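Visitor: All residue numbers in the sequence shown are consecutive under our numbering, ending with 307.
The hints are simulated quantities; they were obtained by calculation from the structure and are not laboratory data. Values in this document were obtained by computation on a predicted structure and should not be read as measured data. Backbone N, C-alpha and C define an ideal beta-carbon position, used for all residues, glycine too. Any given hint could turn out to be false.
[Stated by the list, open to error] Calculated pairs, DSS-like style, for lysine-lysine (alpha carbon to alpha carbon, straight line, at most 25 Å):
| # | residue 1 | residue 2 |
| --- | --- | --- |
| 1 | 178 | 299 |
| 2 | 9 | 210 |
| 3 | 300 | 178 |
| 4 | 255 | 299 |
[What the hints assert, rightly or not] Per label pair, the in silico range of CB-to-CB distance:
| # | residue 1 | residue 2 | range |
| --- | --- | --- | --- |
| 5 | 290 | 105 | 36 to 42 Å |
| 6 | 107 | 53 | 24 to 30 Å |
| 7 | 258 | 4 | 32 to 38 Å |
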Amino acid sequence: MKHNRYKVAGHLFEVVCTQDQLDTTQLIPSFSPFVSDEEGELLFSMDVSEGPAPDFSQQDEIGQFDCGGANHGVYATSDGGYAFEISLPDVFGGGLSCSMEAHDDFRHCRATLTSHDLHRQQFGLNNALMMAFAFAAATQQTLLVHASVIRNAGYGYLFTAPSGTGKSTHTHLWYKHIPGSDLMNDDNPVVRIIGDEARIYGSPWSGKTPCYRNISAPIGAITRIEQRPYNEMRRFSPVEAFAALLPAVSSMKWDRRVYNGISGCIARLIGIVPVYWLGCLPDEAAAQLSYSTIAVKKSPEQTPS
């Protein structure tokens, strides 16, 4: 068996390939910047094998988890845990690529790769690990957020929106027009509250943009983007901020442990970090407006990542 340890946003986890033909360097190449040889408590561990899909037909289907344009079936198991059927989006051929079984706290998981095709295996395991991370960390003041993140002058700025709305376009405009900007992650960064500080971390999950950076920064602001025929921006009230952030965070509404942990973390986050609404065009003026409105004018304190 091959044991591989990773550290994302300060959380250690382990992937165990139980068959010799499986190699994480091929299965999850985006995780290579996060390889760790540290010892310590694991957030979760995942055993990975290749074989036929387990039969979940006798389990109770409790929902669908929307993940990157693919809906994954979620089942309640008889021991109080969960089972997932992870399928490719239809635009990539659809069909089952992986199944995952997890304890109720997601500390111990098992993934079965149901195809010999490498692309399907990569998609399946990558999604299994993303869900395991999000749900295991839900009570650790940690959020996996659907956002594009740009860094400027030491602070990270998150832009959230439904897929296709233009958050990646907006961060690209910062990169192009705002000096000193660099992309931290383009799809699923990790937010973590440590003490009284909220930090943003790069992750192995970055959507269509290969931006897998093992870096972190204090959060300067969070902005919800909507397309508009002109540019305007305002700060959300706390209630508006909570309502805007909750749909952007990976969660399971039917699991009280996960949902309460995530809701509590969001409530703390909006007390630390300002949250804004931006209605905008995909132009330089929109980037200049958001920068002038939300940019932090002081240098961040040097906090260990």
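Visitor: Which hints from the list above does the structure break, by number from lowest to highest?
Guide: 4 and 5
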